[in-house]
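Protein sequences, first through last, are from chains A and B. FYI, in this note's numbering the residues of the first sequence are 1 to 430. FYI, in this note's numbering the residues of the second sequence are 1 to 430.
Any given hint could be a false lead.
Unchecked claim - With a straight-line Cα cutoff of 27 Å, these simulated DSSO-like cross-link-like pairs (lysine-lysine) come out:
1. Lys324/A with Lys327/B
2. Lys400/A with Lys25/B
3. Lys280/A with Lys176/B
4. Lys327/B with Lys353/B
5. Lys326/B with Lys324/A
6. Lys326/A with Lys353/B
7. Lys327/B with Lys276/A
8. Lys280/A with Lys392/A
What the hints assert, rightly or not - Simulated DEER-style distance windows between Cβ atoms:
9. Glu391/A with Gly368/B: 30 to 38 Å
10. Glu238/A with Lys327/B: 55 to 63 Å
11. Trp206/B with Leu117/A: 18 to 26 Å
12. Pro144/A with Leu51/B: 48 to 56 Å
13. Lys324/B with Lys326/A: 21 to 29 Å
14. Asp331/A with Tyr92/B: 51 to 59 Å
15. Gly368/B with Gly234/A: 43 to 51 Å
16. Thr21/A with Lys332/B: 36 to 44 Å
17. Gly368/B with Leu210/A: 42 to 50 Å
Derived from the structure by calculation, the hints contain no laboratory data. If you're wondering where the values come from, they're calculated on a predicted model, not measured in any experiment. Virtual Cβ for every residue (Gly too), placed ideally from N, Cα, C.
2 protein chains.
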Amino acid sequence: MTTASICTIGDEILIGQIVDTNSSKIASALNAAGVKVNEMISVSDNGTEILNGLEHCLRTSHVVVVTGGLGPTKDDITKKTLADLTGAVKYYESAEQLEVIRRVLTVRGIEMSDINLAQASVPETCKVIVNECGTAPCMQFEFPENKYGHKCLLFSLPGVPFEAEAAIPKVIAAIKENYPLENIFHKTLCTFGIPESTLAKRIEEWEDHLPENLHLAYLPNPILGVRLRLSIYGIGEEEGKQELDRYTETLRPLLGNALYGQEEDSLQSVIGNILKNNGKTVAVAESCTGGMLASLFTSVAGSSAYFYGGVISYDNSVKTGVLKVKKETLDKYGAVSRECVEEMAAGVRNLMKTDYAIATSGIAGPGGGTADKPVGTVWVAAASGERVVTEKFSFSGSRKLNIERFASHAMNLLRTQILCRETGNRMREE
Amino acid sequence: MTTASICTIGDEILIGQIVDTNSSKIASALNAAGVKVNEMISVSDNGTEILNGLEHCLRTSHVVVVTGGLGPTKDDITKKTLADLTGAVKYYESAEQLEVIRRVLTVRGIEMSDINLAQASVPETCKVIVNECGTAPCMQFEFPENKYGHKCLLFSLPGVPFEAEAAIPKVIAAIKENYPLENIFHKTLCTFGIPESTLAKRIEEWEDHLPENLHLAYLPNPILGVRLRLSIYGIGEEEGKQELDRYTETLRPLLGNALYGQEEDSLQSVIGNILKNNGKTVAVAESCTGGMLASLFTSVAGSSAYFYGGVISYDNSVKTGVLKVKKETLDKYGAVSRECVEEMAAGVRNLMKTDYAIATSGIAGPGGGTADKPVGTVWVAAASGERVVTEKFSFSGSRKLNIERFASHAMNLLRTQILCRETGNRMREE
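Generate the whole structure from the sequences, applying the supplied hints.
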């Protein structure tokens with residue numbers, strides 16, 4: 001089986017100043033193409049450590065994908081290390097990359113400097129894969145079988161996430177030219193609303209009867225819920241997919257209405273599809289989630305077809321002035337109350353003239369909680385037509401995590417309401 | 001110097017289904033405590049690979065911090081591997097962790113299952129560090145000098161990010177008890193609005209005169225701009241901090257008004273501080289950024305003191321109906337125009353009665369662009385009192401990246417306006 005190691009270079013990663021998102025994107029693409037990712041490593045911007053890291057990767061795997069250490073600034077040790085590793089003496093200028101550098105700089109209104117010019121220059125041992133989105137070229141190096149015990153391909157990509165991502169299809173194509181690829185298949189079911197341990201208990205018996213070449217993984221996420229990923233190895237395409245279908249079909253009934261989608265689905269994409277198919281619209285009224293609900297809706301391309309907009313009513317004056325929440329409601333019950341979110345949801349629905357609306361009001365923390373309404377308390381409401389349904393949740397987590405959970409639970413309340421009204425599904429008693 | 005390796009366990013990481021954020025948090029804390037992180041690795045949920053990965057880490061570094069592979073579900077191979085590695089035969093039940101498990105489950109309204117009960121059971125060779133936020137205990141193992149050439153400490157933390165994060169201070173405390181820690185100091189300056197290569201050119205001469213033990217790194221980020229991190233090694237605390245101050249003082253004037261803060265500052269936290277100190281308020285009117293601007297403001301704890309709220313006017317009916325953008329403006333200039341964002345900013349400022357307001361209207365993509373207004377075009381406006389300033393930007397990137405850049409450039413426009421009005425700073429011609 002063709003294997004890969006992913007190596008990220010950068011002190012900024014090892015001191016924890018940035019999170020490496022490139023490895024995940026690259027791993028996902030390699031995996032889908034049937035390349036097994038053995039390991040990911042991150043090393044510092046030091047020449048010796050880069051060299052040791054790369055040699056370790058080359059010994060471990062057929063394919064090595066490196067990101068980082070390239071860029072217009074002076075921390076460019078990677079190119080030199082790769083030249084040394086492959087015995088390159090001379091550099092050559094990539095005319096194609098230079099063309100892109102010129103174009104990118106023109107769009108951004110920046111003048112070409114000698115630093116930019118140097119970026120088009122690469123070791124003679126490499127084949128350039130043009131970086132269409134940025135100034136640093138991607139480089140492909142080949143190592144003969146006698147060097148590390150197997151033929152190796154090494155790809156060096158820039159660290160800027162969208163530049164690295166754009167290069168991935170070309171990397172996959174080059175791998176396919178050089179190695180016969182075996183199949184791995186995955187199937188993911190997305191659930192929301194059942195805690196991981198409860199879910200594990202519920203599907204325990206089903207899980208105990210899985211064959212050896214089928215692997216189940218739990219992927220909990222505050223926004224996406226708990227996703228269940230089934231992976232099958234060492235089997236042909238058609239048979240593999242059939243097996244995955246067969247086992248997911250027996251799993252579905254165990255999940256009930258907590259099951260909301262599969263693969264890359266999110267609550268907001270699933271809701272969006274139902275709304276679009278039924279010609280319906282939605283708006284949001286947010287207090288504690290502060291724009292997160294709207295952001296989730298609008299993260300989906302094409303959401304303008306059904307998402308009309310929202311009001312972020314952080315200050316109570318906006319709740320009363322724009323959303324027409326009654327002053328007495330705030331005085332009597334407070335902003336974090338069933339009554340307030342009901343009026344917020346109804347208010348934004350009237351204001352924006354949508355079919356549905358969601359509202360949130362809670363205490364994200366770290367300050368602001370009371371004994372009665374501690375940090376982590378949220379009231380959410382979903383208005384469907386004239387009817388408003390509310391629910392209260394309590395969480396314990398950071399401000400960021402609380403906001404994410406508040407938003408996703410509000411989104412899920414809307415989903416169950418939409419399922420009832422638009423598809424005639426009845427909520428099953430969980 | 002005391003060194004550390006960070007090892008994350010999980011197929012979900014190697015197949016690219018989730019991004020590892022734990023390593024970054026842990027690295028940041030270790031670094032601040034003076035522990036040098038040598039490397040980060042990610043391995044699969046397979047017993048042999050976990051064992052190989054851990055032994056590699058133990059040989060490489062004094063301290064090994066492991067996350068993942070623990071949890072209420074069946075993919076708990078980590079505990080068994082750690083038991084084997086340390087020669088544990090028996091397990092014992094941690095009464096303290098069991099107490100937390102009971103508490104956590106009660107809050108969430110979940111009944112205790114035998115799966116939860118098993119989580120409190122740990123190998124006899126480990127010292128439990130109670131996980132206060134979740135059900136899986138953190139474990140500390142010690143390896144004598146003769147095993148890997150140096151005394152090693154291994155910490156195993158749960159994979160759930162906020163649970164891992166909560167355990168970090170206890171891990172640091174345990175490391176301090178066992179190793180003498182050396183100093184590393186960092187100082188970060190945050191800039192916005194100057195591209196990385198232009199910045200590099202501008203400070204080239206300054207950079208050429210840095211001493212050998214001072215290292216400069218560029219940290220570009222679509223939301224935070226380009227941050228410049230200076231690190232100093234092998235020097236006492238007072239002297240180290242003085243050196244960092246001395247070099248950053250000579251750097252500041254080269255950065256002009258692009259310099260907006262330091263360390264963990266963000267555009268929104270800096271703006272927030274100025275508003276709070278001057279008793280001023282702000283609101284947002286968003287089209288293409290769809291809630292991202294509001295989310296950035298409200299990501300800052302205490303933002304309710306100056307952030308009143310916003311209107312997400314995704315549909316044009318909301319622009320005219322709620323924000324009072326004139327229908328003629330939309331007909332004549334379109335929603336992505338100087339005229340529209342001017343009216344949006346003024347509209348939300350009137351509606352919410354704030355001192356300042358920002359508005360955005362653009363095309364995030366992937367669809368929807370025209371030859372005249374291609375994907376990546378955005379108009380942003382900042383209203384300060386009755387005056388509205390606008391600016392147009394063009395970017396090329398994914399939908400997500402475009403939204404982030406639209407929002408941060410709007411935020412930066414507001415920052416420069418606020419600097420003018422609240423602190424009397426004049427924009428320097430860049």
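Checked hints:
1. Lys324/A with Lys327/B: Holds, at about 25 Å.
2. Lys400/A with Lys25/B: holds (15 Å)
3. Lys280/A with Lys176/B: violated (59 Å)
4. Lys327/B with Lys353/B: holds (23 Å)
5. Lys326/B with Lys324/A: holds (23 Å)
6. Lys326/A with Lys353/B: Holds - the C-alpha atoms of lysine 353/B and lysine 326/A are around 19 Å apart, at most 27 Å.
7. Lys327/B with Lys276/A: holds (26 Å)
8. Lys280/A with Lys392/A: holds (26 Å)
9. Glu391/A with Gly368/B: 30 to 38 Å: holds (35 Å)
10. Glu238/A with Lys327/B: 55 to 63 Å: For glutamate 238/A and lysine 327/B the Cβ distance comes to about 57 Å; the hint holds.
11. Trp206/B with Leu117/A: 18 to 26 Å: holds (21 Å)
12. Pro144/A with Leu51/B: 48 to 56 Å: violated (32 Å)
13. Lys324/B with Lys326/A: 21 to 29 Å: holds (24 Å)
14. Asp331/A with Tyr92/B: 51 to 59 Å: holds (55 Å)
15. Gly368/B with Gly234/A: 43 to 51 Å: With a Cβ separation near 44 Å, glycine 368/B and glycine 234/A satisfy 43 to 51 Å, so the hint holds.
16. Thr21/A with Lys332/B: 36 to 44 Å: The hinted range 36 to 44 Å holds for threonine 21/A and lysine 332/B, with Cβ atoms some 42 Å apart.
17. Gly368/B with Leu210/A: 42 to 50 Å: Given about 44 Å between the Cβ atoms, the range holds.
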